[in-house]
Amino acid sequence: MAKTHIPFMQTGTLVVGNRLLDEEDRAVQSYQNRPSTLTRGHRACQGCAEALAARWVLDTAMEVTQGKLMVANATGCLEVFSTLYPESAWRVPWVHSLFANAASVATGIAAANHARGRDDIRVIAQGGDGGTGDIGLACLSGMFERNDDVLYVCYDNQAYMNTGVQRSGATPPAARTATTPAVGPHPGNVFGQGKFVPKIAMAHDIPYVATATVADLRDLEAKVRKAMSHRGARYIHILVTCPLGWGTKTADSIKMARLATRCGLFPVFEAEYGEVTAVTKIRSQAPVEDYLRPQRRFAHLFGAKADEAALERIRGAAERNIRRYNLLPEGGVA
Amino acid sequence: MLELLEGSQAVARAVGLARPGVVCAYPISPQTHIVEALSGMVRTGKLANCDYINVESEFAAMSVSIGASAAGARVYTATASQGLLYMAEAVYNASGLKLPIVMTVANRALGAPINIWNDQSDSLSQRDSGWLQLFAVDNQEAIDLHVIAYKVAEELSLPVMVCMDGFVLTHASDVVELPTQEQVDAFLPPITPLEKLDIAEPRSMGMMAGPDVFTETKYLAHMALVGASKVIKRVADQYAAHLGRDAWQPVRVWGPDSPSERGGPVSAERPAQQGEIAVIGMGSVMGTMQAAVPRLKEQGIKIRLVTLGSYRPFPARSVREAIGTADRVVVLDRALMPGVGGVLSADVRRSMARLGIPMHSVIAGLGGRSITERSLGKVLTQAKAGELGELEFMDLKRDLVEGAG
Numbered sequence: 031m032a033k034t035h036i037p038f039m040q041t042g043t044l045v046v047g048n049r050l051l052d053e054e055d056r057a058v059q060s061y062q063n064r065p066s067t068l069t070r071g072h073r074a075c076q077g078c079a080e081a082l083a084a085r086w087v088l089d090t091a092m093e094v095t096q097g098k099l100m101v102a103n104a105t106g107c108l109e110v111f112s113t114l115y116p117e118s119a120w121r122v123p124w125v126h127s128l129f130a131n132a133a134s135v136a137t138g139i140a141a142a143n144h145a146r147g148r149d150d151i152r153v154i155a156q157g158g159d160g161g162t163g164d165i166g167l168a169c170l171s172g173m174f175e176r177n178d179d180v181l182y183v184c185y186d187n188q189a190y191m192n193t194g195v196q197r198s199g200a201t202p203p204a205a206r207t208a209t210t211p212a213v214g215p216h217p218g219n220v221f222g223q224g225k226f227v228p229k230i231a232m233a234h235d236i237p238y239v240a241t242a243t244v245a246d247l248r249d250l251e252a253k254v255r256k257a258m259s260h261r262g263a264r265y266i267h268i269l270v271t272c273p274l275g276w277g278t279k280t281a282d283s284i285k286m287a288r289l290a291t292r293c294g295l296f297p298v299f300e301a302e303y304g305e306v307t308a309v310t311k312i313r314s315q316a317p318v319e320d321y322l323r324p325q326r327r328f329a330h331l332f333g334a335k336a337d338e339a340a341l342e343r344i345r346g347a348a349e350r351n352i353r354r355y356n357l358l359p360e361g362g363v364a
Numbered sequence: 161m162l163e164l165l166e167g168s169q170a171v172a173r174a175v176g177l178a179r180p181g182v183v184c185a186y187p188i189s190p191q192t193h194i195v196e197a198l199s200g201m202v203r204t205g206k207l208a209n210c211d212y213i214n215v216e217s218e219f220a221a222m223s224v225s226i227g228a229s230a231a232g233a234r235v236y237t238a239t240a241s242q243g244l245l246y247m248a249e250a251v252y253n254a255s256g257l258k259l260p261i262v263m264t265v266a267n268r269a270l271g272a273p274i275n276i277w278n279d280q281s282d283s284l285s286q287r288d289s290g291w292l293q294l295f296a297v298d299n300q301e302a303i304d305l306h307v308i309a310y311k312v313a314e315e316l317s318l319p320v321m322v323c324m325d326g327f328v329l330t331h332a333s334d335v336v337e338l339p340t341q342e343q344v345d346a347f348l349p350p351i352t353p354l355e356k357l358d359i360a361e362p363r364s365m366g367m368m369a370g371p372d373v374f375t376e377t378k379y380l381a382h383m384a385l386v387g388a389s390k391v392i393k394r395v396a397d398q399y400a401a402h403l404g405r406d407a408w409q410p411v412r413v414w415g416p417d418s419p420s421e422r423g424g425p426v427s428a429e430r431p432a433q434q435g436e437i438a439v440i441g442m443g444s445v446m447g448t449m450q451a452a453v454p455r456l457k458e459q460g461i462k463i464r465l466v467t468l469g470s471y472r473p474f475p476a477r478s479v480r481e482a483i484g485t486a487d488r489v490v491v492l493d494r495a496l497m498p499g500v501g502g503v504l505s506a507d508v509r510r511s512m513a514r515l516g517i518p519m520h521s522v523i524a525g526l527g528g529r530s531i532t533e534r535s536l537g538k539v540l541t542q543a544k545a546g547e548l549g550e551l552e553f554m555d556l557k558r559d560l561v562e563g564a565g
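Sequences listed follow chains Y and Z, in order.
For the first sequence, my numbering gives the first residue as 31, with consecutive numbering after it.
For the second sequence, my numbering gives the first residue as 161, with consecutive numbering after it.
Hints listed in this document are in silico derivations from the structure and should not be mistaken for laboratory results.
A hint or two may mislead.
If we take Cβ atoms under 10 angstroms as the criterion, some of the chain Y residues that face chain Z in the derived model are [what the hints assert, rightly or not]: (1) V101; (2) V122; (3) V125; (4) E302.
All residues carry an ideal CB built from backbone N, CA and C; glycine is no exception.
Given these sequences and hints, build the entire structure.
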């Protein structure tokens, strides 16, 4: 598939399927007979970007593999809202084992397929930021360093949303969660903590690492295709808005993800064998306030008097990302 | 063909004969020799169509096993002690998912204090995990058990721990006889799981169960284990008949008058009777015990040995039958519930609740302390004289305990 950029302001979100394009350029979602790997009837919240991202990821992978796909799912929102017995929203061989072990379970599936000569069947593991980068990090790292033939997809909503919005290693500084309440002299999550799993993935020198957001689903689709064109360990980290946990309007999930990239707080890039090979440039840079202000988890930064010190540190983080990944267009002005 | 083999090497070859599709493990003593040997067999192609995966933890070892088994492969792993505890969450998950994984537990103590030597605290700590736990008395039984375990696991769609005393068996060289590849192939056909991940028939495995169905799920798990005893017995008998020789049994009774050297199944043997002490235990200690019996008989102490090969499911009825009308029961327990007593003793006590026979729990050989014929003799002499307490720690160094203040 050729990757076609259509300026968003010309088309709005209705164009995601790109039905007006040549057939080979259309999104999997534009077809009536799309796989619907995560089909209707599940229990995700309104505005859940994880459900949207999972649908795009798996439908794309199903198309690429012509249905020869198996999925291991970590415990978390995605698992809970999709498979409450006796109903399942999955139209793919799917297994949930535990919170921490999706990467290892996927390794086992790939090994079983390999041992019986079925390398044509591909394996995806998926989980949230906690299941991926906190409790599941050892299993993930093991899968990476062995270069097992698994694509791991992390849906990062920046906290333990399934258990009621507690802080994770992916929770941004200053964010209010149930365990980093907005009280005391330094409200919200602590500055100077946290980790960015894509960089950890890159440290393993695996064939492919990419980040994406639900704001650019064609980009996500292209990255899944690219990931599936490689063998070995691959990792895609997707920022997915959580209206419940972030305190955002359910209609704003795409908008919030877009603002996260536009302000520089979430870099969108690709890396192969540990080296950054492509970045999505910021088309028009937004101040971090534009991204933070609509989110109730950051409301304490914008009280009667804005917490300028905290905002300055957040601006600093955005600037570091912009420098590190060279996110501004040539000339440096967005 | 009889061969002189280290226990671990023998077990590795037995596992190889079962033709697993995926083997994965994390190193922990005293299990390592088994998986080292298997990794070599995969590398040389001696064990074909098999992936060997070096994982980063026991938790991953069980998780890879879960994935591979869910995808329909015959799977093998091995662990011990802290490793088993580290994988505990996945241990429960494997049985809940009804995956017929076979895992060797080279039984070892649990820390702290850290101790690499043999007792049975590790696998017994997983007694409620829904796994079958089958114990070997010696290395011949360990060999036979692995083949039997795969057959049982796959017929029941349940995972099995094959438990063998660490070092005492895993690192001991003994004369053993491995079945031939043809014999194992005829006994153990390729795996055909009831449920698996299948692109032709997509299904969701490991779904969430709410209060409306959870009790029923657990009831079925209970009934599956209750019914497993019969299957285990049948498969063990089939295996022995197939090989035309004596092999492992879920429960064995032995006395000096037993027709066979190793004792026989409960149904074929005389149970303990008045004037006798029934001694119950699992694993290698029962070999030592057997050696002690003739001398004790000379001293007028009549023993009937009840060797449990199956700990889960617990063969309560067979135990009751084997105890018969014994004067008293002595349980040799290789694991302790602090503040309560012996682990195996609790199971035995439950199964003989209505018999009205006194039972003594003897905690023996913790953390690798040798269980000698002499010490066993002392304990049983006390038992005969009615001087043995309800809970005894064999060879406890009183001076050390009291010195600790």
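Evaluated hints:
For V101(Y), the interface hint holds, since its Cβ comes within 10 angstroms of a Cβ in chain Z; the closest pair sits about 9 angstroms apart. With its C-beta approaching chain Z no nearer than about 5 angstroms, V122(Y) sits inside the 10 angstroms limit, and its interface hint holds. About 4 angstroms separates the beta-carbon of V125(Y) from the nearest beta-carbon of chain Z, less than 10 angstroms, and the hint is met. The criterion of a C-beta within 10 angstroms of any C-beta in chain Z is not met by E302(Y), whose closest approach is roughly 24 angstroms, and the hint is violated.
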